[in-house]
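A.B. asks: Here the protein sequences come in this chain order: A and B.
Just so we're aligned: the first sequence equals residues 1 to 494 in my numbering.
Just so we're aligned: the second sequence equals residues 1 to 161 in my numbering.
None of these hints come from the bench; they were simulated from the model.
Treat the hints with caution; some may be incorrect.
Unchecked claim - Example chain A residues on the side facing chain B (calculated, C-beta under 7 angstroms, incomplete):
{"#": "1", "residue": "8"}
{"#": "2", "residue": "10"}
{"#": "3", "residue": "13"}
{"#": "4", "residue": "31"}
{"#": "5", "residue": "104"}
{"#": "6", "residue": "110"}
{"#": "7", "residue": "117"}
{"#": "8", "residue": "130"}
{"#": "9", "residue": "133"}
{"#": "10", "residue": "134"}
{"#": "11", "residue": "136"}
{"#": "12", "residue": "137"}
{"#": "13", "residue": "141"}
{"#": "14", "residue": "144"}
Here a beta-carbon is modelled for each residue, glycine too, at the ideal position from N, C-alpha and C.
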Amino acid sequence: MIFLFIALPLVVAGILPLVGKISPRLLPDILANAVFAALLAIALLAGPSLIGQGAGLQPLVFLGEPLGIHLALDGFSLFMLTAISLVGLCIGLFSVNYMEHYGHKAAYYALLLIMLAGMNGLVLVTDLFQVYLFLEVAAIASYALVAYGLGHEELEASFKYLMLSAVSSALIVVSVTLLFGLTGSLEFGAVSQALRSLDQPLAAGLCAALFIMGFGLKAALIPFHAWLPDAHPSAPAPISAALSGLLIKVSGIYALTRIFLKVFGLTPALSNILMILGAVSMVVAAFLALGQKDIKRMLAYSSISQVGYIVLGIGLGTPLGILGGLFHLLNHALAKSLLFLNSGSIQMAAGTRNLEEMNGLSKKMPVTAATTLVGSLSIAGVPPLNGFWSKLIIVMALVQAKRFGFALAAILASVLTLWYYLIIQRRAFFNKPDEKWRDVREAPFLMTTATVVLALLCIVIGIFFTATISTWIEPARDALAGGLQVIQSSIGIQ
Amino acid sequence: MMAVQIGLLCGLVVFSLLAVLVRDILKAAISLAVASLLLGILFFRLDAPYAGAFEISVVAGLITVLFVVTIALTKAEGGVRESRLAAWIFPLFFVVFLVIDFLVMRRLIGQIASLPAPAEAGTFGQVLWKGRTFDLIAQVGVIFAGVFAVLALFRKRSKHE
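Let the sequences and hints guide you as you build the complete structure.
C.D. replies: Below is the structure:
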């Protein structure tokens, strides 16, 4: 069952170009969205029971012969799989109308499904080399998707992304090689045990530094962020949503968290490095976002800033900090995907991404305006929306751990976030409608359906945040508990 | 023995550098193939015959053929000039890397107690199907991604033309 998360999107991606020959539009739309819906159904319905039955580590058997495939499903991976499938389904629905003018939908959906398979694989593997492999599967598909429009800007952004991502992959694979040389294993548990018994702090530190740089580049933490403000705005809107909402979180934050909490163990030094990187990203990117005129570029800088919050919470390493970080990961995935999709609706209707050229679109695009407001207020941390609770938990965790400077930085960045999201609202939607928008119409039905679903989720999770935390976030946090022992005992936080 | 190894490593670095620095893309592709061939020989000498066979057949062989075919099918377009900065940055970066490597990495790597490397155990099939089965699925994903990327990107370019 768990294997379907990788096999199903790969198989459907393989047949999509053939299906596209028979029906260039309808069948690719249906097939791709059916895969997203099926995976979401499996994650929601079968996932919790699989974990409950203790089916954590599943060896696969083919014709009676055991295959060398081990997939691990725990609370953390199920949480990520659910987030990927949920946001993926909304992106798939949005793409039905939005990707019409790009053409060749079969190739587009095939690449999107391969990216999904890469992310799912990365979440389920228990082996360092396989982390690298699935990282590459998702990354290669994403390079092509960023360049999908084939304009000069898209190609340049994709090339820049490819170059920096290659550096990131090289750093990760060097670290994996060194760890294999040190421990003789690639499996998470075995590497972790061997590292504890080896007593090689210098070598382990070198590997950790390479991982921080490698995954830091994937997560676009400052100072490794140079590729993101070009790549994310240049891609078609659904892909921007997938990159900002999912890919940087899976290939950056998930991998970083899994490896540092389950393999290395979060030492105080590592915790401090992650917190500093998180805090710098949070504040600096918020200031950089303020000066942007391109709505998608502003959203891209906002992604860097919000990733900073997540890393700050997880890097703190206390149970409450990790809870807040993981909750913010989910909330940001929903709200940022919503905002990127809405930026696509605006671009499609008004033909511009420049905030200074937009005025009074709320009259012409009321659903887009309303859902953008929900997404903006959610990310800015306004109660009672979901983003408020996750930010509050992160700040509470920082105060509880007596890291008052970081708590202050988190509050400052939140104020800055509210500021630049109000700029978007004021320039794009408020004010008197411009005469030139008289022919502008609201986005088509499926595009607005996708954004309304995401906006409703932001509201519902905000209202029922305790249920969300106990059902999805706490099991994810508990799955990481083994790696938390180190920091709990060393800094004395219970 | 060590002299041959060092000679092969130096050759690997020189041809890798040429692959990046040479302006003629056909010569760059051939330099990459030679670098890969030398790496494959190194793998054989270090008791990793499967890795060596893959390196030589896939990277030095198949990938080079793909590069050469693609270059043959691509029309040279005038008017695109490479920035002079690019010609300086890579060699500068390489020299800085060599200095850091010489000063820091050699000592650092020397401190890592590496395990004795046994020869690859089992038949090729056992290694591939029993040991690293899942890697094959990820590689199918990588190949799919590459093929669909080419299909998607080249399709649109011809439409624009």
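A.B. asks: Confirm or reject each hint.
C.D. replies: We went through each hint and held it up to the structure:
Evaluation of the residue 8(A) hint against chain B yields a violated restraint, the C-beta minimum of about 12 angstroms exceeding 7 angstroms. Restraint check, residue 10(A) versus chain B: the minimum CB separation of about 6 angstroms is within 7 angstroms; hint holds. Residue-level restraint check for residue 13(A) holds (minimum Cβ-Cβ distance to chain B is 6 angstroms; threshold 7 angstroms). A least Cβ separation of about 15 angstroms between residue 31(A) and chain B goes past the 7 angstroms threshold, and the interface hint is therefore violated.
Interface hint at residue 104(A): satisfied, since its Cβ lies 5 angstroms from the closest Cβ of chain B, which is below the 7 angstroms cut-off. Taken as an interface hint, residue 110(A) checks out: its beta carbon lies about 5 angstroms from the nearest beta carbon of chain B, inside 7 angstroms. Satisfaction of the interface hint for residue 117(A) is found here, the shortest Cβ-Cβ separation to chain B being roughly 6 angstroms, below the 7 angstroms cut-off. The criterion of a C-beta within 7 angstroms of any C-beta in chain B is met by residue 130(A), whose closest approach is roughly 6 angstroms, and the hint holds.
Annotation: interface hint on residue 133(A) holds; nearest CB of chain B at approximately 4 angstroms, less than 7 angstroms. Because the beta carbon of residue 134(A) sits about 5 angstroms from the nearest beta carbon in chain B, less than 7 angstroms, this interface hint is met. About 6 angstroms separates the beta-carbon of residue 136(A) from the nearest beta-carbon of chain B, less than 7 angstroms, and the hint is met. This hint holds: residue 137(A) has a C-beta 4 angstroms from the nearest C-beta of chain B, less than the 7 angstroms allowed.
A cut of 7 angstroms between beta carbons decides the hint on residue 141(A): the least distance to chain B is about 4 angstroms, and the hint holds. The restraint placing residue 144(A) at the interface with chain B holds, with a minimum CB-CB distance near 3 angstroms, inside the 7 angstroms limit.
Hints 1, 4 from the list above are not met by this structure, while the remaining hints are.
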